[in-house]
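Undergrad: Given the coordinates of chain P, work out where chain Z should sit on it, guided by the hints.
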Amino acid sequence: MERPEDRSGPSRRNLLTAGAAAAALPAAQAAAALPAAAAGRVEMTLAVNGRDDRVVADMRTSLLDALREHLHLTGSKKGCDQGQCGACTVLVNGQRVLSCLTLAVAVQGEAITTIEGLAKADGTLHPMQQAFLDQDGYQCGYCTPGQILSAVACVHEGHAKSDDDIREYMSGNLCRCAAYPKIVAAVKQARGRMETA
Amino acid sequence: MRPFAYARVSDTTLAAEAGRDTGQGQTDAPVQFLAGGTTLIDLMKLDVLRPGAVVDLKPLAAKYSAIQAGSDGLRLGGFAKMSKVADDPVVLRDYPAIAQSLQLAASPQIRNMASLAGNVLQRTRCNYYRDVTWPCNKRQPGSGCSAIGGANRNFAVLGTDDSCISQYPGDFGVALAALGADVELSGSGGFRVMPFGTLHRPPDGKPHIETTLRPGEVITGFRVPAGAWTRRSLYLKIRDRQSYEFAISSAAVALDIDGGVVRQARIGLGGMAYRPWRAHEAEAALIGKPLTEASAKEAADAALQGAKIHGENAFKPILARRTLVRALLQAQTMEA
Chain P
0 MERPEDRSGP SRRNLLTAGA AAAALPAAQA AAALPAAAAG RVEMTLAVNG RDDRVVADMR
60 TSLLDALREH LHLTGSKKGC DQGQCGACTV LVNGQRVLSC LTLAVAVQGE AITTIEGLAK
120 ADGTLHPMQQ AFLDQDGYQC GYCTPGQILS AVACVHEGHA KSDDDIREYM SGNLCRCAAY
180 PKIVAAVKQA RGRMETA
Chain Z
0 MRPFAYARVS DTTLAAEAGR DTGQGQTDAP VQFLAGGTTL IDLMKLDVLR PGAVVDLKPL
60 AAKYSAIQAG SDGLRLGGFA KMSKVADDPV VLRDYPAIAQ SLQLAASPQI RNMASLAGNV
120 LQRTRCNYYR DVTWPCNKRQ PGSGCSAIGG ANRNFAVLGT DDSCISQYPG DFGVALAALG
180 ADVELSGSGG FRVMPFGTLH RPPDGKPHIE TTLRPGEVIT GFRVPAGAWT RRSLYLKIRD
240 RQSYEFAISS AAVALDIDGG VVRQARIGLG GMAYRPWRAH EAEAALIGKP LTEASAKEAA
300 DAALQGAKIH GENAFKPILA RRTLVRALLQ AQTMEA
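Going line by line, the protein sequences match chains P and Z.
The numbering of the first sequence is numbering that gives the first Met the number 0, which starts it at 0 and goes up by one.
The numbering of the second sequence is numbering that gives the first Met the number 0, which starts it at 0 and goes up by one.
The following block holds chain P by itself, in its conformation from the complex (with noise of 0.2 Å):
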């Protein structure tokens, strides 16, 4: 997929490269400092399914909505954007986490995962991604990303042992549709293949 390179603004000012100096800062000249930071923007660094993808963009931008607004990769849903719906999800050193919940600033250098990056370069689909195809695992679709990633933790934490196992660990990902019967069948259906895998 082609993800222009975002160059949305100027770089005018850049407070986490002065690391620990800037943070030896007394408070009181941090927010002296805070105009600055608000007006600009501050340029990061995201490593986002395995390549280096530069942003600039405000200071408060979630990393969904870096992942989104500015890196186009629109995979990864905004539902509640209060962490409690968990469509948002993606997996950061491979542990699952609430995209809408980090500040994208904070995750620099960090190896984040989209559903994008979850298929193989020749397009064969992560057993997750073809299992909730064959079990029908959704109804509108707008959840499933973030289920799919929230299942592939799911089976790398050893979480999906059992039906309960997996509604209870899949807890963190609601579905309006109310499909949950197909998604645990799906996880358990990926299980399968990825621990032959």
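Please note that the accuracy of each hint is not assured.
Stated by the list, open to error - Listed next, the in silico EDC-like pairs over lysine to aspartate or glutamate satisfying Cα-Cα at most 16 Å (straight line):
1. Lys-187(P) - Asp-135(P)
2. Lys-205(Z) - Asp-161(Z)
3. Lys-44(Z) - Asp-80(P)
4. Lys-160(P) - Asp-133(P)
5. Lys-187(P) - Asp-164(P)
6. Lys-181(P) - Glu-194(P)
7. Lys-181(P) - Glu-109(P)
8. Lys-307(Z) - Asp-160(Z)
9. Lys-181(P) - Asp-162(P)
10. Lys-187(P) - Glu-167(P)
11. Lys-187(P) - Asp-163(P)
12. Lys-44(Z) - Asp-121(P)
13. Lys-288(Z) - Glu-311(Z)
14. Lys-44(Z) - Asp-64(P)
15. Lys-83(Z) - Glu-194(P)
16. Lys-160(P) - Asp-86(Z)
17. Lys-62(Z) - Asp-10(Z)
18. Lys-57(Z) - Glu-109(P)
No lab work stands behind these hints, which were simulated from the structure alone.
TA: Relative to the frame of chain P, chain Z by itself:
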């Protein structure tokens, strides 16, 4: 979300310096520490927290995430992730109440993000606190408490006063309170240890001051003392839905039983109190007695004796008693 400056610090000395304006849990503190972010970013989006500067503590995780169990007890790094501790085999075996309190909290994603230290400092889920259009003494000192006389079904009945009836929403903190844990702190004055039970302040008419932390202080770890009771321990959580929900009532119990008679008991209550709650009266009521449904009920009555209800939460003391009785009887059947 308001604009903020961001800085990342690499050690506790720099954290103390950069965090000298973090206050003691005040909502309007101009500087906020960032660990997992699951409370901070949420409340910044809601415009409840409005820090001018966010100090990211992530690099401290490398030093303060260890899980160490020894003959004197369990030591947990403040930056350990909830998910890691919940799955730790030694914690599961020797401190099941701790593991369960973490496993039953939030969602897998949030448990991967949230640190233990951040977890115990999570803010109340009071809807009036979270909605800036309402008066709230915790958010805006002196503005009043909208929950008193308001929609207050899941509000505290223990440890409240006329200034605030909000409920401590956490689970892990309840297990720590029950087990008599200590908290390790690092700040500009150096290192110190204090009882976990004194970390959260009672409201005392000033619910906006939430903790006894000194400004800039960081929680680097927790110490759970060893005891004959820790293996026979559990965390029972009652919720409005089966998973991914805050407690409406919970109990952390740990028992040392000899020949059917209770030698020692450790009891904490969640979903019920203004802060992580240890029920000393219930513990005292059990010691030296056989654990039966009758003695468990007496202990539960003792625990809830000071309960103060506010309309919609009138069911809570009853639910708390039943929760505690069930937890005690269940713990009795454990092999320890």
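Undergrad: For each hint, tell me whether it holds in the structure or not.
TA: Hints versus structure:
no.: 1; hint: Lys-187(P) - Asp-135(P); verdict: holds, 13 Å
no.: 2; hint: Lys-205(Z) - Asp-161(Z); verdict: holds, 10 Å
no.: 3; hint: Lys-44(Z) - Asp-80(P); verdict: holds, 9 Å
no.: 4; hint: Lys-160(P) - Asp-133(P); verdict: violated, 20 Å
no.: 5; hint: Lys-187(P) - Asp-164(P); verdict: holds, 11 Å
no.: 6; hint: Lys-181(P) - Glu-194(P); verdict: violated, 20 Å
no.: 7; hint: Lys-181(P) - Glu-109(P); verdict: violated, 32 Å
no.: 8; hint: Lys-307(Z) - Asp-160(Z); verdict: holds, 9 Å
no.: 9; hint: Lys-181(P) - Asp-162(P); verdict: holds, 11 Å
no.: 10; hint: Lys-187(P) - Glu-167(P); verdict: holds, 14 Å
no.: 11; hint: Lys-187(P) - Asp-163(P); verdict: holds, 12 Å
no.: 12; hint: Lys-44(Z) - Asp-121(P); verdict: violated, 40 Å
no.: 13; hint: Lys-288(Z) - Glu-311(Z); verdict: violated, 35 Å
no.: 14; hint: Lys-44(Z) - Asp-64(P); verdict: holds, 13 Å
no.: 15; hint: Lys-83(Z) - Glu-194(P); verdict: violated, 22 Å
no.: 16; hint: Lys-160(P) - Asp-86(Z); verdict: holds, 14 Å
no.: 17; hint: Lys-62(Z) - Asp-10(Z); verdict: holds, 9 Å
no.: 18; hint: Lys-57(Z) - Glu-109(P); verdict: holds, 12 Å
Of the numbered hints stated above, those contradicted by the structure are hints 4, 6, 7, 12, 13, 15, listed in ascending order.
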